[in-house]
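Undergrad: If you want the building blocks of each chain, they are given just below.
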Amino acid sequence: MNRPKKQEFKFPTHIDEYPTGPQYKAGFLPEINAGWRSVRPVIDHEACVFCLRCYLLCPDGTILKENGKIEFDMDYCKGCGVCAHECPTDAIKMVKE
Amino acid sequence: MTTNNKIFISGDEAVAQGVKLCRPHVIAAYPITPQTITVERLSEMVEAGEMEGIYMHVESEHSAISAAMGACAVGARTFTASSSQGLLYMAEGLHYCSGGRWPVVMMNANRSVALPWSIYGDQRDSLSLLDCGWIQVYVEDAQEALDMIIQAYKIAEHKDVLTPMMVNLDGFILTHTYELVAIPEQKMVDEFLPVFETPNKMSFEEPKNLGFSSKPDDNTEFKYQQNEAMFNAIDVIRDVDQEFAEKFGRKYYDMVEEYQCEDAEVVLVALGSVCGTIRVVVDKMRAEGKKVGLLKIRYMRPFPEAEVKNLARRVNAIGVIDKDISFGYEGTVYTNVNSAISKIDKYVYKSNFVGGLGGRDITKAEIEEMFDKLFFGVANKSEEKVEFFSLNVETND
Ligand code: SF4
Ligand code: SF4
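For the record, the sequence lines run as chains H and C. Numbering-wise, UniProt numbering puts 72 at position 72 of the first sequence, and it's gapless, one number per residue. Numbering-wise, UniProt numbering puts 165 at position 165 of the second sequence, and it's gapless, one number per residue.
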């Protein structure tokens, strides 16, 4: 799947920069969403078997498949721990921020 | 010019014929008196295979507008129709639709609103929804109703407008009376009205987030833009009417139509079918040497401010007939007309005649009396008034 690239959000300065009505190409929300996290996932790549369970289950879609490795987008991870809980090999640990 | 085939049909049927010629992909409507015949005819046309569109039987007007918006969002040309309480039930969706910039076309059969319950005509339903962001046009007869449906798609779908449009016709007076109506040829309508294209559609090639939320930071900007689109419609309305006149030979004079106003001293302003009666009275009084005229307001939104000011500069008195009342103030058409007149540097005597509510006739004698009151008001420097006319009982006023 082609994950859309995050684009820098520039607040419009002219009315013509607004779309016609509230319809625009899909993308990320312009702001990061991770302010409430108190713990964060840390992965042990040696233990990970790349089953992609965490990738599918992350409620925020913040887990990325980068060159055959699991990575996290820390701008959006809320620290819920679902990934760590569901990982069959305990490759993910939640550590205090 | 064209060889128009004329048939004897009601206003409701004329609307159905107009819709058919525009080839909507989706019709979603719920029948309500006095609009019923329109949606019945359309469902029959779809059933008989005379039309290719899909007819959606929905369970309410709220669903009708929701379905129409949904269809519009995937790029379909859509039609819906309503009246009175049904239109009010749709109100939530009306704002949604205009804010989403989905150019749905609707026919509204103007009908009184409850209580007391009434199925007869006045214009309180649509006028109470003037602020919902829809273009509103009011027609005088069945031919104009048919023609305006065709024009409505072209106006609403214009890239600078992309705003839904409501074609209003007076309940019973127009919906249920029969007239000879010219039916344009399909081929000519196809040439006049291109296939609906919109940049705002749900598409796999160009995925978009449709109808999103906005924060206080930019909500006003979206509303500014919506308001601008409504003003853009003024030029589009003019161009579309001009092109329509060249193609079909019938012209509707853009935002307003002036009748005998060139040298008029006093004029009556009105919407819809009562304009026909006023014309007759104007002719009679003109024959008696009285300089009277009619300003038929066709569009209430966008409002024909320039045209009203232009007229006010030339006359001594303006009377506004309102088949509605904004309780606790005055008629809604009057409020709008008055606001435009207040911007010119001249005094014009004004009077607001509220009547015709719940289907009561407005007679030629009453219209003549209104003109007389306007002449009297100017001559005697009377106080400007809002009055209910033709009450059947004495009042304390
Ligand atoms: S902690 Fe929760 S939000 Fe963060 S990556 Fe794991 S599942 Fe996703
Ligand atoms: S669930 Fe565990 S093993 Fe599976 S991909 Fe995620 S981190 Fe790796």
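These aren't lab readings, by the way, just hints derived from the structure by calculation. A portion of the hints provided could be inaccurate.
[Stated by the list, open to error] No more than 16 Å apart at the CA atoms, straight line, and that leaves these computed lysine to aspartate or glutamate pairs for EDC-like:
| id | chain 1 | residue 1 | chain 2 | residue 2 |
| --- | --- | --- | --- | --- |
| 1 | C | K373 | C | E262 |
| 2 | C | K223 | H | D44 |
| 3 | H | K10 | C | D217 |
| 4 | H | K25 | C | E206 |
| 5 | C | K223 | H | D16 |
| 6 | H | K25 | C | E383 |
| 7 | C | K343 | C | E305 |
| 8 | H | K69 | H | E97 |
| 9 | C | K223 | C | E262 |
| 10 | C | K247 | C | E305 |
| 11 | C | K291 | C | E265 |
| 12 | H | K10 | C | D218 |
| 13 | C | K309 | C | D239 |
| 14 | C | K309 | C | E368 |
| 15 | C | K159 | H | D44 |
| 16 | C | K6 | C | E206 |
Undergrad: Would you mind confirming whether the straight-line C-alpha gap from K343 (chain C) to E305 (chain C) stays at or under 16 Å?
TA: With a Cα-Cα distance of about 10 Å, the restraint between K343 (chain C) and E305 (chain C) holds, given a limit of 16 Å.
Undergrad: For the pair we were handed, K247 (chain C) and E305 (chain C), check the Cα-Cα distance against 16 Å.
TA: Violated. K247 (chain C) to E305 (chain C) sits at ~28 Å, over the 16 Å cutoff.
Undergrad: With the threshold set at 16 Å, check whether the alpha-carbon distance from K10 (chain H) to D217 (chain C) stays at or below it.
TA: At roughly 13 Å apart (the allowed maximum being 16 Å), D217 (chain C) and K10 (chain H) satisfy the hint.
Undergrad: Against the 16 Å threshold, does the CA-CA distance of K309 (chain C) and E368 (chain C) hold or violate the hint?
TA: With Cα atoms ~24 Å apart, K309 (chain C) and E368 (chain C) exceed 16 Å; violated.
Undergrad: Between K291 (chain C) and E265 (chain C), is the straight-line Cα distance small enough, at 16 Å or below?
TA: 5 Å, holds
Undergrad: Starting from K223 (chain C), check that the Cα of D44 (chain H) is at most 16 Å away, please.
TA: Given that 16 Å is the threshold and the Cα spacing comes to 50 Å, the pair is violated.
Undergrad: Take the C-alpha atoms of K10 (chain H) and D218 (chain C), compute the straight-line distance between them, and say whether it is at most 16 Å.
TA: 13 Å, holds
Undergrad: Is it true that the CA of K309 (chain C) sits at most 16 Å from the CA of D239 (chain C)?
TA: At roughly 21 Å apart (the allowed maximum being 16 Å), D239 (chain C) and K309 (chain C) break the hint.
Undergrad: Does the structure keep K25 (chain H) and E383 (chain C) at a Cα separation of 16 Å or less?
TA: 58 Å, violated
Undergrad: For K159 (chain C) and D44 (chain H), compute the direct alpha-carbon distance and say whether it is at most 16 Å.
TA: With a Cα-Cα distance of about 54 Å, the restraint between K159 (chain C) and D44 (chain H) is violated, given a limit of 16 Å.
Undergrad: Quickly compare the C-alpha distance for K25 (chain H) and E206 (chain C) to 16 Å and report which way the hint goes.
TA: 7 Å, holds
Undergrad: Are the Cα atoms of K6 (chain C) and E206 (chain C) separated by 16 Å or less?
TA: Answer violated: K6 (chain C) to E206 (chain C) is near 45 Å, above 16 Å.
Of the hints listed earlier, those the structure fails to meet are numbers 1, 2, 6, 8, 9, 10, 13, 14, 15, 16, in rising order.
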